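*Asks:* Given chain A's structure and the hints, the job is docking chain B onto it.
Residue numbers (this note's numbering), protein chains in the order written: chain A, 1199 to 1534; chain B, 1199 to 1534.
Calculated from the structure, these hints are not laboratory results. Take these hints with a grain of salt, some might be off.
[Claimed, not checked] Distance condition first, Cα-Cα at most 30 Å in a straight line; then the derived DSSO-like pairs of lysine-lysine:
#1 A:K1429 to B:K1457
#2 A:K1481 to B:K1457
#3 A:K1481 to B:K1249
#4 A:K1507 to B:K1249
#5 B:K1257 to A:K1457
#6 A:K1457 to B:K1368
#7 B:K1256 to B:K1372
#8 A:K1256 to B:K1429
#9 B:K1510 to A:K1429
#10 B:K1422 to A:K1510
#11 B:K1257 to B:K1422
#12 A:K1510 to B:K1429
#13 B:K1481 to A:K1429
#14 B:K1429 to A:K1457
#15 B:K1312 to B:K1363
#16 B:K1368 to A:K1422
#17 A:K1256 to A:K1457
#18 A:K1257 to B:K1429
#19 A:K1249 to B:K1429
#20 A:K1422 to B:K1481
#21 B:K1249 to B:K1372
#22 B:K1422 to A:K1429
#23 B:K1372 to A:K1457
#24 A:K1372 to B:K1510
#25 A:K1368 to B:K1457
#26 A:K1372 to A:K1249
#27 A:K1429 to B:K1257
#28 A:K1422 to B:K1457
#29 A:K1429 to B:K1507
#30 B:K1507 to A:K1422
#31 A:K1363 to A:K1507
#32 B:K1422 to B:K1507
#33 B:K1429 to A:K1507
#34 B:K1457 to A:K1457
#35 A:K1429 to B:K1249
[Claimed, not checked] Chain B is nowhere near these chain A residues, computed Cβ spacing over 12 Å in every case:
#36 K1256
#37 K1368
#38 K1372
#39 R1400
#40 P1417
This structure is a prediction, so every number in the text was calculated from the model and none was measured. Where a beta carbon is used, it is the ideal one built from N, C-alpha and C, also for glycine.
2 protein chains.
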Amino acid sequence: LEKPLEAQIMSLSRRSLLRLGAMLALAGSAAAEDDPLPSWNSTASKEAILKFVDAVTKKGTPNFIPADGRVALFDDDGTLWPELPHPAQIAFEFDCVMATASSHPDWNSTQPFKAAIDRDAVGLARQGQAALAKLLAATHESWTVDDYDSTAMSWLATTDNPHFKGSYGKLSYKPMQELIAHLRHNGFEIFIVSSNSAEFVRSRSQHAYGVSSEQIIAPSIRTKFSVVEGKAVLTRVAAVDGLVDDAGKPSAVFQRIGKAPIAFFGNADSDVTLLQWTMDPGKPRLGALLHHTDAVREFAYDRDSPFGKLDKGLREAPSNGWIVIDMKRDWDVVFP
Amino acid sequence: LEKPLEAQIMSLSRRSLLRLGAMLALAGSAAAEDDPLPSWNSTASKEAILKFVDAVTKKGTPNFIPADGRVALFDDDGTLWPELPHPAQIAFEFDCVMATASSHPDWNSTQPFKAAIDRDAVGLARQGQAALAKLLAATHESWTVDDYDSTAMSWLATTDNPHFKGSYGKLSYKPMQELIAHLRHNGFEIFIVSSNSAEFVRSRSQHAYGVSSEQIIAPSIRTKFSVVEGKAVLTRVAAVDGLVDDAGKPSAVFQRIGKAPIAFFGNADSDVTLLQWTMDPGKPRLGALLHHTDAVREFAYDRDSPFGKLDKGLREAPSNGWIVIDMKRDWDVVFP
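Extracted from the complex, chain A is given alone in its bound form:
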């Protein structure tokens, strides 16, 4: 069959080739998209997500949005992977502090280092975002960016989360991996926004979600440029740029990408401003909060949690049209 087909194709007009290409694309996508979200149960959440993606990608319909405007934004901790018993970067920084604590005796009595030595994640969180920034500025000063990257990657691969079986690096939520793949397949560009350091998020985003380093929006360690023996090198200095409070999150994302997302997925009250910014009355938008309701497979928490507190978000979701994804009800599988 193939030889005569090749000959036929070579003789086709440009118009016919284009038509053929479109047919093949359709056939391919139909095959791949049988059920794009197999780890999601058939509930209202899944239906709303699929309906939204369908609406904005159907050319010639009123809710169609061209690919350049299809931006989907995801929070990280608690949205793409667990933030309990403590966010992974906190555990990583605790280990980094311990690795050099012996040469800093003053850390035993100075915050935020004391909290790290005591492995007191809640106590550290209570000191605010700047406290974590102080840890990561101090523990990686004068490292090259390549050294940090390989250290974080190997830590993720080899350190077990104390609550779950398996390493931190394997704890991504499978339903969210499928959702990201489905959005990307439909022409969306994916960004991850986080209060962790960009470098830490990048050490797993490509591997876990296919999200490249340039698609991470987060505070970032400052570096210093120098040329050593004819080779340029970036070395970390003890300062963090881009720390923002919750009200500053939409501005931080806008500075980075110059447009607003049309879909946002978060899980906490700290995500409310991003939900408000994403929604645009009368236009097709998707705002969603992941509600952790599954004490058996993951955790059940909301308004009283020290990490990922969710109270205002739950109360305001119905009147604002934000979807609340119920982990226990909506997810058939949690981890890969």
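*Replies:* Then chain B, alone, in the frame of chain A:
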């Protein structure tokens, strides 16, 4: 012909479909790539560029670089469009200052506003990057980001550059448009780095180069988030984030994209750190400086220019393997 062809395709195995797809892709790229850089003369510069793109995209050869690592970075003023008689954003800010100067009588005697009222671009530049930042912070305070965007876009479309016939918006270098298209076609992701404000660069980057707003790396006006009558809005405040000196440019790009470019195109001594960072001895890299040598079609300038001074770059290019693109010799066409 088409009906039986459709039927044949529908009956093909997955393997045959893949083979067919690859054939079509080849046929399509061969057609598009007859001469990907028609505005470039057949000189060493063009040859070096084509050879580099060829080398990093040829799978199975030692210099192959996977698509995720194919990052090309471009300076803006003087590299993608003219910076003489003055950079476009300076002219834009002068017009913005004039539009509200009557309500700020103190500006007549305060720098940098006085330089703007006198339309003294060189005098403004001498006050450093922070002076321009001060102008753009002051003139657009409390504007919404949408208002700024439409104002800048209409200014670009309707304001004539005093030296050239035609509006600023039409002055992009055609050879660079072709080069960006060629790189993109070969799987490169394109970023533009600028000392202008990100918002100003974004107002033309998509239209002129197909470069999206998220691919602009530049200082950026700070905004404030609020919800007005149920609708979120970002309003500009009088502050600029992300100002960096030349030594800080590699760090600024790294904070944004988390990796180094493998190709960089600049035109001035202020681009030397980015050239140093891009090059990596023994690996396939492309560093290039555009030398403005064409007094007839554009301008001829280098070491004595108030904008885009090029001295160290020219001296150090040969020993570092940086290409020097000679506008007069290497470009058959300058503007579209």
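*Asks:* Does each hint hold? Answer for all of them.
*Replies:* Going down the list of hints, with the structure as the test:
no., hint, result
1, A:K1429 to B:K1457, "holds (15 Å)"
2, A:K1481 to B:K1457, "violated (36 Å)"
3, A:K1481 to B:K1249, "violated (47 Å)"
4, A:K1507 to B:K1249, "violated (55 Å)"
5, B:K1257 to A:K1457, "violated (35 Å)"
6, A:K1457 to B:K1368, "holds (24 Å)"
7, B:K1256 to B:K1372, "holds (27 Å)"
8, A:K1256 to B:K1429, "holds (26 Å)"
9, B:K1510 to A:K1429, "holds (18 Å)"
10, B:K1422 to A:K1510, "holds (21 Å)"
11, B:K1257 to B:K1422, "violated (47 Å)"
12, A:K1510 to B:K1429, "holds (18 Å)"
13, B:K1481 to A:K1429, "holds (12 Å)"
14, B:K1429 to A:K1457, "holds (15 Å)"
15, B:K1312 to B:K1363, "holds (28 Å)"
16, B:K1368 to A:K1422, "violated (37 Å)"
17, A:K1256 to A:K1457, "holds (21 Å)"
18, A:K1257 to B:K1429, "holds (27 Å)"
19, A:K1249 to B:K1429, "holds (23 Å)"
20, A:K1422 to B:K1481, "holds (23 Å)"
21, B:K1249 to B:K1372, "holds (20 Å)"
22, B:K1422 to A:K1429, "violated (41 Å)"
23, B:K1372 to A:K1457, "holds (27 Å)"
24, A:K1372 to B:K1510, "violated (53 Å)"
25, A:K1368 to B:K1457, "holds (24 Å)"
26, A:K1372 to A:K1249, "holds (20 Å)"
27, A:K1429 to B:K1257, "holds (27 Å)"
28, A:K1422 to B:K1457, "holds (15 Å)"
29, A:K1429 to B:K1507, "holds (24 Å)"
30, B:K1507 to A:K1422, "holds (24 Å)"
31, A:K1363 to A:K1507, "holds (25 Å)"
32, B:K1422 to B:K1507, "violated (36 Å)"
33, B:K1429 to A:K1507, "holds (25 Å)"
34, B:K1457 to A:K1457, "holds (23 Å)"
35, A:K1429 to B:K1249, "holds (23 Å)"
36, K1256, "holds (22 Å)"
37, K1368, "holds (22 Å)"
38, K1372, "holds (23 Å)"
39, R1400, "violated (5 Å)"
40, P1417, "violated (9 Å)"
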